[in-house]
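Trainee: With these hints in hand, go ahead and build the complete structure from the sequences.
Number of protein chains: 2
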Amino acid sequence: MTALREAGVNVESVCGGHGVCKKCLVEVVSGELSEPTLAEAELEHISKSLRLACQTRVIGDAVVNVPQSSRQTRGKILEWGRIDESKLSPSIRLANVELERPSLRDQRSDSERLLHALNAEAIDYFLLKRLPSKLRDIDWKAEAVLYDCEVLDVRPQENRDVYGLAVDVGTTTVVAYLVNLKTGRIVATKSDYNGQIVHGDDVISRINYALKDYDKLVELQSRILATINKLVQEAVEGAGCSTSDVYEASFAGNTVMMSFLCGAETSAIASAPYVPPFRSSLRLKARDLGLKLNSSAVVYTLPLISGYVGGDVVADILVSGMHKRDENSLLIDLGTNGEVVLKSGNGTFAASTAAGPALEGAGLSNGMRGMEGAIESVSIDTKTYEVYYRTIGDKEPRGICGSGVVDSIACMLISGILDSKGRMVDLNIPRLVRVGEERAFVLADGEGGRKVYISQSDVRRFQLAKAAIFSACLLLLRMAGLSVRDLSRVYIAGAFGNYIDPRSAMTVGMIPELPSSKIVQIGNGSGYGAVMSLLSREAKEEAELVARTTKAIDLNAIREFQKEFIDATVFPHKRIELFPNAARAIEEKTPLVL
Amino acid sequence: MTALREAGVNVESVCGGHGVCKKCLVEVVSGELSEPTLAEAELEHISKSLRLACQTRVIGDAVVNVPQSSRQTRGKILEWGRIDESKLSPSIRLANVELERPSLRDQRSDSERLLHALNAEAIDYFLLKRLPSKLRDIDWKAEAVLYDCEVLDVRPQENRDVYGLAVDVGTTTVVAYLVNLKTGRIVATKSDYNGQIVHGDDVISRINYALKDYDKLVELQSRILATINKLVQEAVEGAGCSTSDVYEASFAGNTVMMSFLCGAETSAIASAPYVPPFRSSLRLKARDLGLKLNSSAVVYTLPLISGYVGGDVVADILVSGMHKRDENSLLIDLGTNGEVVLKSGNGTFAASTAAGPALEGAGLSNGMRGMEGAIESVSIDTKTYEVYYRTIGDKEPRGICGSGVVDSIACMLISGILDSKGRMVDLNIPRLVRVGEERAFVLADGEGGRKVYISQSDVRRFQLAKAAIFSACLLLLRMAGLSVRDLSRVYIAGAFGNYIDPRSAMTVGMIPELPSSKIVQIGNGSGYGAVMSLLSREAKEEAELVARTTKAIDLNAIREFQKEFIDATVFPHKRIELFPNAARAIEEKTPLVL
Chain A
1 MTALREAGVN VESVCGGHGV CKKCLVEVVS GELSEPTLAE AELEHISKSL
51 RLACQTRVIG DAVVNVPQSS RQTRGKILEW GRIDESKLSP SIRLANVELE
101 RPSLRDQRSD SERLLHALNA EAIDYFLLKR LPSKLRDIDW KAEAVLYDCE
151 VLDVRPQENR DVYGLAVDVG TTTVVAYLVN LKTGRIVATK SDYNGQIVHG
201 DDVISRINYA LKDYDKLVEL QSRILATINK LVQEAVEGAG CSTSDVYEAS
251 FAGNTVMMSF LCGAETSAIA SAPYVPPFRS SLRLKARDLG LKLNSSAVVY
301 TLPLISGYVG GDVVADILVS GMHKRDENSL LIDLGTNGEV VLKSGNGTFA
351 ASTAAGPALE GAGLSNGMRG MEGAIESVSI DTKTYEVYYR TIGDKEPRGI
401 CGSGVVDSIA CMLISGILDS KGRMVDLNIP RLVRVGEERA FVLADGEGGR
451 KVYISQSDVR RFQLAKAAIF SACLLLLRMA GLSVRDLSRV YIAGAFGNYI
501 DPRSAMTVGM IPELPSSKIV QIGNGSGYGA VMSLLSREAK EEAELVARTT
551 KAIDLNAIRE FQKEFIDATV FPHKRIELFP NAARAIEEKT PLVL
Chain B
1 MTALREAGVN VESVCGGHGV CKKCLVEVVS GELSEPTLAE AELEHISKSL
51 RLACQTRVIG DAVVNVPQSS RQTRGKILEW GRIDESKLSP SIRLANVELE
101 RPSLRDQRSD SERLLHALNA EAIDYFLLKR LPSKLRDIDW KAEAVLYDCE
151 VLDVRPQENR DVYGLAVDVG TTTVVAYLVN LKTGRIVATK SDYNGQIVHG
201 DDVISRINYA LKDYDKLVEL QSRILATINK LVQEAVEGAG CSTSDVYEAS
251 FAGNTVMMSF LCGAETSAIA SAPYVPPFRS SLRLKARDLG LKLNSSAVVY
301 TLPLISGYVG GDVVADILVS GMHKRDENSL LIDLGTNGEV VLKSGNGTFA
351 ASTAAGPALE GAGLSNGMRG MEGAIESVSI DTKTYEVYYR TIGDKEPRGI
401 CGSGVVDSIA CMLISGILDS KGRMVDLNIP RLVRVGEERA FVLADGEGGR
451 KVYISQSDVR RFQLAKAAIF SACLLLLRMA GLSVRDLSRV YIAGAFGNYI
501 DPRSAMTVGM IPELPSSKIV QIGNGSGYGA VMSLLSREAK EEAELVARTT
551 KAIDLNAIRE FQKEFIDATV FPHKRIELFP NAARAIEEKT PLVL
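As given, the protein sequences belong to chains A and B, one line each in that order.
In this text, residue positions in the first sequence follow the numbering used here: the first is 1, and each later residue adds one.
In this text, residue positions in the second sequence follow the numbering used here: the first is 1, and each later residue adds one.
It is worth saying that the hints were derived from the structure and are not from the lab.
Cross-link-like lysine to any residue pairs, in silico, SDA-like; alpha carbons within 25 Å at most: (1) A/292 <-> B/222; (2) A/285 <-> B/283; (3) B/141 <-> A/272; (4) A/134 <-> B/283; (5) A/551 <-> B/101; (6) B/285 <-> A/219; (7) B/551 <-> A/104; (8) B/216 <-> A/244; (9) A/551 <-> B/99.
Covered stretches of chain B (chain A as the covering partner; in silico rule of three or more C-beta atoms under 8 Å from a C-beta of chain A): (10) 265 to 272; (11) 275 to 284.
Cβ-Cβ distance ranges computed for the label pairs, FRET-style: (12) A/563 <-> B/161: 56 to 62 Å; (13) B/104 <-> A/478: 19 to 25 Å; (14) A/67 <-> B/104: 40 to 46 Å; (15) B/537 <-> A/345: 47 to 53 Å; (16) B/215 <-> A/216: 32 to 38 Å; (17) A/219 <-> B/242: 22 to 28 Å.
The beta-carbon is built from N, C-alpha and C at its ideal position, and this holds for glycine as well.
Mentor: Here it is, written out as structure tokens:
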């Protein structure tokens, strides 16, 4: 582990090198290494070449392979969103131009002069108003900022950067990425809970609130805009630029969130036939929404698939690239609405399922967003019930975020604290306490001595979330006549989908059990898809194609859904043949290794 | 006169049938009539067939021709703006459509459904927001309101009318016409002084005010918008409709007024090379301007020709039709900025000249707009100095409007109260009084005993205005190698250009002296051109062509301008050969008859 870290390969570790968490698995290709320790005993019957980095000393030259699943995934976010600088083709482009000076012989208006010099077609109205002084202030030597064929700004030729804003508008969490459109790099990432949350955790409560009268819808719109404007402000401050340097904003989110963002009525989405106000992508002016960017900035919303399958799913698909690969694949977006996409030879199908906010750390006793002090990774010693955890920023624990919840439940299963029905077993250990009427398992002593725990009802909420997601996967597979084994790849997306440990997610039965080499964590696909659409006009075109060719499936219309959902609430599943390795790991009290 | 009135032909008359004002001239074609009276003596040497209607009794069957110049011109306004209902082709159109109801098999979004049914391309963003409830409220049976290919509204199929607003944005006066776009009829006309007038009478003062900082420009924009919003409110109340029934607004005005309306900087218009921020027509959303019409309404501005020749001139040309006739013609727009257009075989040339607000009744001792109580028509008995006048609405006189001023000055010249230099002659008559330091001629005892008069400095102001206009005419003619006699037609436009008596305008030397058959009064061409653009897409295209093919001439760049201007301040002109009949009329103390 030390050698790997010195080589710049950041390997996962929660238990601090005690051989408990099994997150530092590496594959030995060749070379001289120390003998396996007792902590590694369970690995032997899987593969001789698997070792725990924390237990293995390097004795001579050796070659080891660090699988993606053992790497600290935090960095992946940035990698995935990226496009080669050479392949950047943002809608926002810059053009240097020196205009001919007006004279008595050439009395063309300022706007004609500019359009002609740039071979552009239109000038944003807000720019038009200030164009005379802007052009004269820079003495006719302009760097023009264009959105396709519309001029948004003229600035001095100073090589100033231009920025775009990509926003994943989640029901629970909003993540904003500030992107340098010259370099293609994300220069700041800011997130917060969606300010609409005061009017309900899920989309249905908010639709009902908006139904009361149009003012309520306007209020919901103002709330999400306030959240976004705050994130923008933080992002530009972090990046040392100004909101006026931001010329485009791209939004991905579910259909209801996109409707609220635009202030469009959602009344018809909630009941059959679930009709949204719009599905196509919109191009608006940021100022029309009340977004505080450059006064001429353009807003783009990713196209939607249906009332319940939104632009976040389109973005996920875009980022995964699954639409371009000729193989059976599944995409799972873990969020308040869990979305599942199946691509097979028969087409691409998508379904949405109400998982609730538990996976985003909201609605749990000690749940919190993935911010400093959140327990994001957990491991439990199956013998001593000692808990190892890591918090974001290595701060004192303040709560648990989504990936920490999944880890906790998985470890509680492995260590026998939870049974397959999700009941906390009556063990006589100090960490099992009573909180009010119910049992709770204490993970840590947090800030100010406050205990951070998972309660029995937290587990219940989690069961509903994971059952919603897995039963959706299963139904789509069945519709296509496929089984889990037929999948070449499973993409995990979601605001916290990058941090989650897929082995924990399999242990609890949330995602299909497959070798970890087939699992690709794309992180916040919704946000990165929005980033891609900022960086490339082609990505926008692809998004249109994806939205047009993906068919939305209404799970509620499928008879078996209810039964499948109930079966999936069991850990890992009522039909353990779907999770043979997870079931064995739980039985053998040893972390799942795949 | 009685016979004519009974036949529905409203003949002009100011002196009340005393044979003084000579405004009721008719041409006898055949028939038996009474002998000419003394009042008609001067007509004989012009033509045997000319008679004054007020002096002529019909003895047997007779045929008389009433020239345009003798008709009460008030009605012409409405006639000129009109287009045959069959030829209406407004950008705003209505389409009845019944949409397929959504079902589980047809989950298209509301906007897709509507666009598909209408074969339209776009939905206004503000409509989009409310589309779901609007469509369901009308049970999918919609009357759609479209602007070209954009849907602006869906309404119940109730045959409700749709309206457009045409506005002449003058430097001094703003006139708003509410137009029923189904019938093509103007249903209300409202006017007021431009609210910007507190920051100066002329465009230069306002440009200087706007130059101070951008807030000042924003203030000027707010002021003109407040004026317009007030007029709109009055107009819809008058017509019994609502602002939400108004879907398009078309604006014509000079370049500076159009820039202020749009909030665009005017700094570069004021000095050489006089470059405006834009010249092409603009299409904006009314809400972006802050205009209180339907929330999805579209604003169209007529294209501009140059920094000093604006959309009002384009509109004038459009209304006159001079661009389509193969003859030499001159168009004179009488306003704060007098504009002159000359069309000849060598092309079309336009010039603007600062006449000041005198012709619009502003800036004179007793000047007022053409509203109730304004003296609009004047006649003076050359022997008794008795003054005959008519006020708008036949109310007690409150002041003098533009046409009344021109009549007054002409009559004061004819009756010898003014000399050719514009000096009030020292006559011992009760109507010649002193007001402060100067002489004044009293026209009437007005409301509350307040005298309505023309002062010496009013005359001076008027001289500058008429000289500005006539010298512009002369210079354009000279540029084209033409003389007054080469003109087939002279069009008189301007907010008060319909009410003016062309014979008075010739007597004072404001417009070229020509037979009145060659004079065509088109009224408020700027306003009617805007009306035409509302009623016909082709008119909008024509406007573009006119703007592109009319060349603006900068009079200040012509050497002789200053001298010509000074010569033209003389009544009727320093070179009396330009106004032989006017000069003789003045000398003979008899009204000009042509």
